[in-house]
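Position chain U against the provided structure of chain D, taking the given hints into account.
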Amino acid sequence: MLEIRNEQLRCPVLIRRPADILPSEMTSRSVYMRRREFLAGALSAGVVGGIAASSAAAAPLTGVKSQYVLDEKLTPLEDVTTYNNFYEFGTGKSDPSQNSGNFKPLPWTVTIDGLVNKPQTLDYDALLKLAPMEERVYRMRCVEAWSMVIPWLGFPLKALLDRVEPQGSAKYVAFETIVRPDQMPGIGGFFPVLDWPYREGLRLDEANHPLTILAFGLYGETLPNQNGAPMRLVVPWKYGFKGIKSIVRISLVEEQPKTAWNMQAPSEYGFYSNVNPAVDHPRWSQATERRIGEGGGLFGGGGRIPTLPFNGYGEQVASLYAGMDLTKDY
Amino acid sequence: MRLSPRIINWLVYVIGLQPGLWTFYLGVVDQLGADPVKVLEHTLGEWALRFLILTLLITPIRDLIGLNWIRYRRALGLLAFYYAAAHFATYLILDQSLDLAAVGADIVKRPFITVGMAALVILTTLAVTSNGYSIRKLGVNWRRLHRLIYLAAALGAVHFILAVKSWPPEPLVYAGIIAVLLLYRLLPKRRSRRRVVAQPNPRG
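Residue numbers (our numbering), protein chains in the order written: chain D, 1 to 330; chain U, 1 to 204.
Just chain D, same shape as in the assembly (with noise of 0.2 Å):
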């Protein structure tokens, strides 16, 4: 069995080259084939669904080749668990990976309702088995001018949303996080850092595009808690903030969707907030983006690099804008 799959991910993965990729920013076939070693080596043990009930622990979950891998070198695994963003766990970038250790994300259930035909509450087994598992390897570009490339294990968002058939009337989908301040010492204090649940919101046509994905994994595994247990959002054409994390409840909504960030600083944190060099942060210039974890330099600093309209994914979404003005529309 675990020969079969090894052969299964040694296949010919078909890469994606958009136009907008440079060739520096590619990835030597060696590198990348020592990459697909160990990929393969730590997808060889999974099986999808094959995840103790009630073990927060990372279990193995393999997913089949995807056509949207990106040829960049991978973010390592320790840096993508150990800097992130998850305010429910605090502020600082390893307070996730240190504060989470207490949140139980299984057993789960997420909740679609709003405007659709079948409104249902699936639980994190059915969810698993919803869709095929594909790993995708997305750019990931975070407000704050830093950037990652994860390997993602998950399945389009559209598939979800097909199975509980939205209303004509439905124009957005609406996100919330779970809040458990018992398990997440980031909720309460003097100051919330936000108003709590974490919203966020997609027009249903952007919900419904291809790479949008719920991601159930990463690396050959399941999500760990500080990357959004059980199950996120990936955009991967927007700011990683729109890419909610342990999402409980899903509603397709007529008007457009309040969202956490847009709450706390409508100024600074658009409704849309697609990676654009063009339109600045009031803090950070959003030309440019330092990509964690590349070696080379004192410091790891390799510098920073360009950053691509719509995170490089232009190709693919640009048109779901036409005629919008994004330095509005931010």
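Incorrect hints may appear among the rest.
[To be verified] Examples of chain D residues lying across from chain U (beta carbon under 10 Å, computed):
1) E78
2) K93
3) P192
4) V193
5) P282
6) S285
7) A287
[Stated by the list, open to error] Here are the simulated lysine-lysine pairs, DSSO-like style, with alpha carbons at most 30 Å apart:
8) K165(U) - K104(D)
9) K165(U) - K328(D)
10) K258(D) - K165(U)
To be clear, the hints were calculated from the coordinates, so they are not data collected in a lab.
Idealized CB from N, CA, C, for every residue including glycine.
Positioned in the frame of chain D, the structure of chain U alone reads:
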């Protein structure tokens, strides 16, 4: 053995520079986590604020407890400047790779960087005029000039608050301490100061 003030003064510098040198060393050996440049940048900035706070504490400590450490205030103020300068150098060199156009745009366009630069300009001015020659040359104006430390501390606190998202506690704690130390200066003539003057050698 009692250490002479001269030795203590040197110790203030030597000890005061340790956190910065240690953090830099950790960065060189790749022990600062996923984003070492940011960690170094933030650590140096926080130490600048801490030394600003220590500098501002000298007067209330003298007034309220009777310990006169004023001879070490210059060292503490200079340490604040060194850390602020190193904080800026990290941003300029390691973070922005000496992209002067980007840094210039940041200073003009981003309020938190504008405020931070203003604080750095003040601290630089005070550091340059911290020597005996400047004190003699500037006379009464030296005291007036060096009251800008209050403004530098306030700007430093605002810089930290504006640099973060939302309202995490740490910048608010620094701002609160600095606010208390600045408000202390606004109190009416302090009685305790006279007590110190009346008892110049308060050993019980």
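Now for the hints, and whether the structure bears them out:
1. The beta carbon of E78(D) is positioned within 10 Å of a beta carbon in chain U (closest approach about 8 Å), and the interface hint is therefore held.
2. Because the smallest distance between the Cβ of K93(D) and any Cβ of chain U comes to about 7 Å, under 10 Å, the interface hint for this residue holds.
3. The closest approach between the C-beta of P192(D) and any C-beta of chain U is roughly 8 Å, which is under the 10 Å cut-off, so the hint is satisfied.
4. Hint on V193(D) holds. Least Cβ distance to chain U is approximately 4 Å, under the 10 Å limit.
5. Residue-level restraint check for P282(D) holds (minimum Cβ-Cβ distance to chain U is 6 Å; threshold 10 Å).
6. At a threshold of 10 Å, the smallest CB-CB gap from S285(D) to chain U is about 6 Å, leaving the interface hint in force.
7. Annotation: interface hint on A287(D) holds; nearest CB of chain U at approximately 7 Å, less than 10 Å.
8. For the suggested pair K165(U) and K104(D), the alpha carbons sit about 27 Å apart, so the restraint of at most 30 Å is met.
9. For the hint pairing K165(U) with K328(D), the CA-to-CA distance comes to about 21 Å; that is within 30 Å, so the pair holds.
10. A hinted pair counts as satisfied when its Cα atoms are at most 30 Å apart, and K258(D) with K165(U) qualifies at roughly 18 Å.
Checked against the numbered hints given earlier, this structure breaks none of them.
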